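Please build the complete structure, drawing on both the sequences and the hints.
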Amino acid sequence: MLQSFKIVADDKVDDREINRCSFPFLNMNKEVATQVVCIVGTGDFGCSFGKRLLRSGVAVVFGSRNPRQISNRLPEEAQVLSVKQAVAACDIVVLAVRQQHQAALEGELSSVINGKILVDVSNTDKRPAQNSIPNTSELQMLFPQTHIVKAFNMISAWSLQAGLDDACKKVFVCADNVNARRKVMELAWIMGLEAIDKGSLANAKELEEYTHQFFPQWRIPMRVTLGLLFVFYIYTIIQDVLFSYFKHGSDRSFRLAISLPNKAIPSVALVLLSLVYLPGTLAAYIQLHRGTKYSTFPLWLNNWLLVRKQLGLAMFGCAGVHVLISLALPLRVYVYWKWVLSIKHQIDKNWTITFTNIDFWQRDLYLIFGILGFSIVVLLAITSLPSVVNSLSWKEFHFVQSKLGWLSLLLCTAHTICYGGSRFLRSESYHWGIPPLYIPALMLPCTTIFLKLPLLLPFLNRELQMIRQGQTRSRPGVEIEMFYA
Amino acid sequence: MLQSFKIVADDKVDDREINRCSFPFLNMNKEVATQVVCIVGTGDFGCSFGKRLLRSGVAVVFGSRNPRQISNRLPEEAQVLSVKQAVAACDIVVLAVRQQHQAALEGELSSVINGKILVDVSNTDKRPAQNSIPNTSELQMLFPQTHIVKAFNMISAWSLQAGLDDACKKVFVCADNVNARRKVMELAWIMGLEAIDKGSLANAKELEEYTHQFFPQWRIPMRVTLGLLFVFYIYTIIQDVLFSYFKHGSDRSFRLAISLPNKAIPSVALVLLSLVYLPGTLAAYIQLHRGTKYSTFPLWLNNWLLVRKQLGLAMFGCAGVHVLISLALPLRVYVYWKWVLSIKHQIDKNWTITFTNIDFWQRDLYLIFGILGFSIVVLLAITSLPSVVNSLSWKEFHFVQSKLGWLSLLLCTAHTICYGGSRFLRSESYHWGIPPLYIPALMLPCTTIFLKLPLLLPFLNRELQMIRQGQTRSRPGVEIEMFYA
Amino acid sequence: MLQSFKIVADDKVDDREINRCSFPFLNMNKEVATQVVCIVGTGDFGCSFGKRLLRSGVAVVFGSRNPRQISNRLPEEAQVLSVKQAVAACDIVVLAVRQQHQAALEGELSSVINGKILVDVSNTDKRPAQNSIPNTSELQMLFPQTHIVKAFNMISAWSLQAGLDDACKKVFVCADNVNARRKVMELAWIMGLEAIDKGSLANAKELEEYTHQFFPQWRIPMRVTLGLLFVFYIYTIIQDVLFSYFKHGSDRSFRLAISLPNKAIPSVALVLLSLVYLPGTLAAYIQLHRGTKYSTFPLWLNNWLLVRKQLGLAMFGCAGVHVLISLALPLRVYVYWKWVLSIKHQIDKNWTITFTNIDFWQRDLYLIFGILGFSIVVLLAITSLPSVVNSLSWKEFHFVQSKLGWLSLLLCTAHTICYGGSRFLRSESYHWGIPPLYIPALMLPCTTIFLKLPLLLPFLNRELQMIRQGQTRSRPGVEIEMFYA
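Chains as they are written, first to last, in UniProt numbering: chain A, 1 to 485; chain B, 1 to 485; chain C, 1 to 485.
It should be emphasised that the hints constitute simulated quantities derived from the structure, not laboratory data.
Any given hint could turn out to be false.
What the hints assert, rightly or not - To list a few chain B residues with every Cβ distance to chain A over 12 Å, as calculated:
1. 203
2. 205
3. 239
4. 250
5. 295
6. 305
7. 321
8. 324
9. 337
10. 402
11. 429
12. 450
13. 458
Said to hold, decoys possible - Heads up, simulated DSSO-like pairs for lysine-lysine below, C-alpha to C-alpha not over 27 Å straight-line:
14. C/309 - A/344
15. B/344 - A/169
16. A/170 - B/349
17. A/170 - A/247
18. A/293 - B/126
19. C/349 - B/293
20. C/344 - A/344
21. B/349 - A/338
22. C/51 - A/170
23. B/309 - C/51
24. B/338 - C/403
25. C/126 - A/170
26. B/344 - A/338
27. C/169 - B/169
28. A/344 - B/344
29. C/309 - B/395
30. C/205 - B/395
31. B/51 - A/395
32. B/349 - C/344
33. B/338 - A/344
34. B/344 - A/349
35. A/51 - C/403
36. A/349 - C/349
37. B/349 - C/338
38. C/403 - A/338
39. A/51 - C/349
40. C/169 - B/293
Computed from a predicted structure; not experimentally measured.
Heads up, the beta-carbon is just placed ideally off N, CA and C, and yes, glycines get one too.
Written out as structure tokens, the structure is:
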């Protein structure tokens, strides 16, 4: 043991004194303060890892192939030894060596590593193949007598050095030996990281795949959003620009930049908002039909229910762009030009455009519904932030995301209906028989609202509440379940 | 004891080796790795709880009334025994049975539960009555020799299964036995939850009420906001729509949708903003008068001080809606129609409306004050987010919320004054002798600012600083307090 | 020992039973449940600290100079003793006395404090001088046989009482004795605070300076932003208002309020955005030139790289104000007046202003580029929130902040170019030979984009990737580094 690595020898005080006052949360032994962590590898990650350990008051010894040729990037407080010496001196060994070079260490390590904790922090450069063996399994074969722990692979050298405020602090830890796993978790906590227990080494492959993860929950919602945007945009091009061109020969291609996106984007937002609330309604009908909540939903519905948050955030993005575009409309030269033309026309004809109170009402309701609907959507987006969610009780979260969410769906649907007004009745709105985009866009939200209405009937609502509280419509053989709900 | 529940037997390694390397944070014994948790009840919560425990590497045994009729919802890795057998095998028993069925378990449990930890996760469906006995007290009467722990009642089965990222992770734990409490807290941490020590079982009722909690801090601010909105809206209806109708017979009812809300909402926002900064000013005068900070404020002032954040966020909401409405004004048909009329009128009379530089200045200052005021309010709202607050030092938080907050109050007040301009002097602004809404809305902000001004005088400011640093104007008998401030 | 401070004596149960079921995470002893914390000082902080400890189930005894004259602010559950008695009864002593009064306690404490943990929570009122001795060093000299721990000095009495949701929960802990440090960290965790290990007492001064810290990372970005705003604003005043005044004698001073800020602010935003992405590009060239990432950048570049987040947030603020001002433009009286004049002019001359499709395209592209660019900037700002960052993997964070960030730089640059259009070619845009502000504002973004382009060439990009993965262009003597990367 390296006696020189005792952290802070506080010889003035009799340590027996201090041991009397141990706290319920933990029970420390005097000798544990002398713990040293060995880092094999003096690369980027090893250096950063060592520096952070030292900053957290943990002594560090580096194991290097060539300890005399010490890099100036290594922290000065750390001792550098040969790999063998370093490993022999410590009980926790962090293997900060690229995967392809690990096997080369077998000779040096195998004699000293037995019974120690070997932390594998490595990552593959590319996404590992489906049937590949995780690196930890290969390490376990190399060093069968060692406690292999997979951890820290999601932490980058950069974030260890630059400070942890601006990066992910989660450290997933898995190991077969529970003691080894807990010790590495503790090491992570001491470093100011957030250790999360991921069970046995069987999950190591999952951990290695995590670093290659790229918004997995967003894959389907993003495809739905982009797909809808594309389809709706093409729809408006046909219904508006192509129709004008072929029918009247007028070139309205400049509408591709602002006018048509401001039809396609809000339509997508409305459809996405209804996609957030439709699956819950379908699930309620299934529960009512089956009379129990203890049966799994079809897989497609389950997956749909799980991406509601992402669909809602995509809706928030679309709605936000729609609001910005709409508010910027008066800044358009085209709008200015049309106003000038309209006023000149009125003056030439000595005629004044007239509006009834109903016109004012319709247009103002259209605006206020949209504004209130968007305001609620902003509130929903804010309460989706991880730190806000964690400060809400279940009842509060449910009120905001369900009650207020339905209100925003109603307001946004009303906004779209008021926008159209009675225009859908006029034949000139239909180009080549194709209705304006807002009419197909209203289909799904209206369906969702109509499906929801029966569930608000008192007797259906009461039965749904009972089912959701875990009760089961009495059928022979399920009595036992009711008892233990 | 169920020897089969040993988690990961790692027989290849000599465990004496690994025990040498224990870390200061914890001190693990070899045998503890064999811990098993018993879950009584195979309902929704029990299943989800068991699955999460298993995922975190804790072995689980279910106690069921009918262990041979095993539900397919139970995790495969868990063993299912009779209630008696399961409880006998474990030291921590989670009672995942509805409250009304718990008494029925007395016979089966009483012989095996003594000296064990019994975790009560149950919740009442309705808010418990004021004088009702908490469920834990009834359990303690049923099983007097058992360590009852109340915990996990705020966690839903859904969030345990669907992943914890999108839900509240707080687990309040209370128990009379400190060891039992700490062990359950530890269990929560292992599951990836955030355990919070809530002291003895006397607080169990508070915990049971938590799930029925519904924005308790928002109750008064919400009532103030909605009350002000209602009163101000009615005020504008009388001052504007009803006056026009009875005086001129003109139907301006369409102004109910946009125009009047855009008078009421910003007025409420301004009053709310002054309500955020008024109580602190009053508190300063009380402290100056009493000459010490070591005296409690009147209860109403204390409660007011505690809801400042909520008042500020309600103000942010109102201000946001006001901004959206204001920016959408040019989109209104009514505004377009008025412009057309105005231009036609100017052309008919061959007269051009003229504006002085002062008109331009007034209107532009009005806009820029509002924009800057709102920008600061957005900044205040962002720094109210839990995760941002936690990254600010006290001095930084104080600068943003106090200094910048006062600046936003000044800007918003100036915005409202510039909006009115010299209109408040003209008699035609007063309908039925009632002034426009912005005049009463300016009362409170102006009062707040005038009350603040004397506190900025150097000698008063210095004395206030001294008092807030814990000094007391010398009076006989309080010397001791100065010493230990 | 004060036997009366045993928390919750649960005599009914045989405690040997419960000790069998200890969990891997911790190992509690029966006797530790009797822990008491002593607080010396009955001032504001002491009282709040004691109340919070009691709420978390930790017994508290106050040490007061005059224990019979007990303040009514002290919690009722706490016992109050003389300082000597209180300290003698506990092993952890929290010194909640102002620094200037601590020396006066030497006589009373020195006989009983030896071997105990003394927690110094004190702060200086003013920023400590560069060469001053930290308070802990003076305490250590007063009580040489004591374990001094510096902690809790960043927590305010107010936040301890008012609840911890709305304040910083970080507790930096430093001490020379590791056991003492860990025990105080544990105490902080029990109180619901977030303890962070800051190593030995040598860091105490740093902790004392923390409370006086005022946005240290913002100092340079704020100066850059305000400096640019000032310079650009003056530039527009000269180029616009002064030129009009001296050349045409027209008073356009009202443009100072809205028009000129809306030129200066977006120009600053564009320059700030390019300042976010320029240092990374320069760093890439340095890495390519040196052929390794294992060499430190020049200090100026390193500091620049570290403030990119702050520069980006300052850019977000400027962009947000620019958006608000731009959308509010149609509300200006000046704009209305100019429209009226323009329409009257067209009618008088019986002439209609004409726009080509290209005019419409240019103006609409200008708007949509700005809207999309700003939308992405909002997304970048949201993913800068601490709680969101912590939920992103490194790859996801990199995609948002790098890929999407570059896209926003491209869009905002295109937005500015489209705004100018062909105006920069016309001589009347140049006043006194000075070009409009958007032309110099475009310099840096265009330079940044042009510098980035070569890095996208496949062979340079591949080499950069290799270097960033830790490989070094082979040079003699650095082989060892490649091995341990």
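Hints, one by one, checked against the model:
1. For residue 203 of chain B, the non-interface assignment is confirmed: its Cβ lies about 16 Å from the closest Cβ of chain A, beyond the 12 Å cut-off.
2. Residue placement check: residue 205 of chain B keeps its beta carbon more than 12 Å from all beta carbons of chain A (closest about 16 Å).
3. At roughly 19 Å from the closest C-beta of chain A, the C-beta of residue 239 of chain B stays outside 12 Å, upholding its exclusion from the interface.
4. The non-interface label for residue 250 of chain B is inconsistent with chain A: the shortest C-beta to C-beta separation is roughly 10 Å, within 12 Å.
5. Separation of residue 295 of chain B from chain A is adequate, the least Cβ-Cβ distance of about 32 Å exceeding the 12 Å criterion.
6. Against the 12 Å criterion, residue 305 of chain B stays outside the reach of chain A, whose nearest CB is about 20 Å from its own CB.
7. Distance check for residue 321 of chain B against chain A: the nearest CB is about 5 Å away, which does not clear 12 Å, and the non-interface claim fails.
8. Distance to chain A contradicts residue 324 of chain B as a non-interface residue, since its nearest Cβ pair spans about 5 Å, not more than 12 Å.
9. The Cβ of residue 337 of chain B sits about 5 Å from the closest Cβ of chain A, inside the 12 Å cut-off, so the non-interface label is violated.
10. Every CB of chain A is more than 12 Å from the CB of residue 402 of chain B (nearest about 22 Å), matching its label as outside the interface.
11. Interface exclusion of residue 429 of chain B from chain A stands, the closest Cβ pair being 23 Å apart, more than 12 Å.
12. Every CB of chain A lies more than 12 Å from the CB of residue 450 of chain B, the least distance being 33 Å, so the non-interface label holds.
13. No beta-carbon of chain A is positioned within 12 Å of the beta-carbon of residue 458 of chain B; the least distance is around 38 Å.
14. For the hint linking residue 309 of chain C to residue 344 of chain A, the alpha-carbon distance of about 52 Å lies beyond 27 Å, and the restraint is violated.
15. Between residue 344 of chain B and residue 169 of chain A, the direct Cα distance comes to roughly 65 Å. Violation of the 27 Å bound is thereby established for this hinted pair.
16. Taking the CA atoms of residue 170 of chain A and residue 349 of chain B, the gap is about 73 Å. The hint is violated against a cut of 27 Å.
17. With a CA separation close to 60 Å, the supplied pair residue 170 of chain A and residue 247 of chain A exceeds the 27 Å bound.
18. Taking the CA atoms of residue 293 of chain A and residue 126 of chain B, the gap is about 20 Å. The hint holds against a cut of 27 Å.
19. Of the pairs offered as hints, the one joining residue 349 of chain C and residue 293 of chain B is violated, with about 75 Å between alpha carbons and a cut-off of 27 Å exceeded.
20. Restraint check for residue 344 of chain C and residue 344 of chain A: satisfied, since their Cα atoms lie roughly 9 Å apart, inside the 27 Å limit.
21. For the hint pairing residue 349 of chain B with residue 338 of chain A, the CA-to-CA distance comes to about 24 Å; that is within 27 Å, so the pair holds.
22. The straight-line distance between the Cα atoms of residue 51 of chain C and residue 170 of chain A is roughly 33 Å, outside the 27 Å bound, and the hint therefore fails.
23. Taken as a hint, the residue 309 of chain B and residue 51 of chain C pair is honoured in the structure, with Cα atoms around 23 Å apart against an allowance of 27 Å.
24. With a C-alpha separation of about 47 Å, the suggested pair residue 338 of chain B and residue 403 of chain C falls outside the 27 Å cut-off, and the hint is violated.
25. Of the supplied pair hints, the one linking residue 126 of chain C and residue 170 of chain A is violated, its CA atoms being roughly 37 Å apart against a limit of 27 Å.
26. With a CA separation close to 16 Å, the supplied pair residue 344 of chain B and residue 338 of chain A stays within the 27 Å bound.
27. Taking the CA atoms of residue 169 of chain C and residue 169 of chain B, the gap is near 17 Å; set against the 27 Å cutoff, the hint holds.
28. As the CA atoms of residue 344 of chain A and residue 344 of chain B are separated by approximately 9 Å, the hinted pair is consistent with the 27 Å bound.
29. Only pairs whose Cα atoms come within 27 Å are accepted, and residue 309 of chain C paired with residue 395 of chain B is accepted, the gap being roughly 21 Å.
30. A hinted pair counts as satisfied when its Cα atoms are at most 27 Å apart, and residue 205 of chain C with residue 395 of chain B qualifies at roughly 17 Å.
31. About 24 Å separates the Cα atoms of residue 51 of chain B and residue 395 of chain A, which keeps this hinted pair within 27 Å; it holds.
32. For the suggested pair residue 349 of chain B and residue 344 of chain C, the alpha carbons sit about 12 Å apart, so the restraint of at most 27 Å is met.
33. Under the criterion of a C-alpha separation no larger than 27 Å, the hint pairing residue 338 of chain B with residue 344 of chain A is consistent with the structure, at around 15 Å.
34. The hinted pair formed by residue 344 of chain B and residue 349 of chain A meets the criterion: a straight-line CA distance of about 12 Å does not exceed 27 Å.
35. Annotation: proposed proximity of residue 51 of chain A to residue 403 of chain C is violated, straight-line Cα distance about 30 Å (limit 27 Å).
36. As the CA atoms of residue 349 of chain A and residue 349 of chain C are separated by approximately 17 Å, the hinted pair is consistent with the 27 Å bound.
37. Restraint check for residue 349 of chain B and residue 338 of chain C: satisfied, since their Cα atoms lie roughly 18 Å apart, inside the 27 Å limit.
38. For the given pair, residue 403 of chain C sits about 39 Å from residue 338 of chain A by alpha-carbon distance, which is inconsistent with the 27 Å threshold.
39. Proximity of residue 51 of chain A to residue 349 of chain C is assessed by CA-CA distance (about 78 Å); at most 27 Å being required, the pair is judged violated.
40. At most 27 Å may separate the alpha-carbon atoms for a hinted pair to count; residue 169 of chain C and residue 293 of chain B meet this at roughly 24 Å.
Consistency with the previously given hints fails for numbers 4, 7, 8, 9, 14, 15, 16, 17, 19, 22, 24, 25, 35, 38, 39, ordered from lowest to highest.
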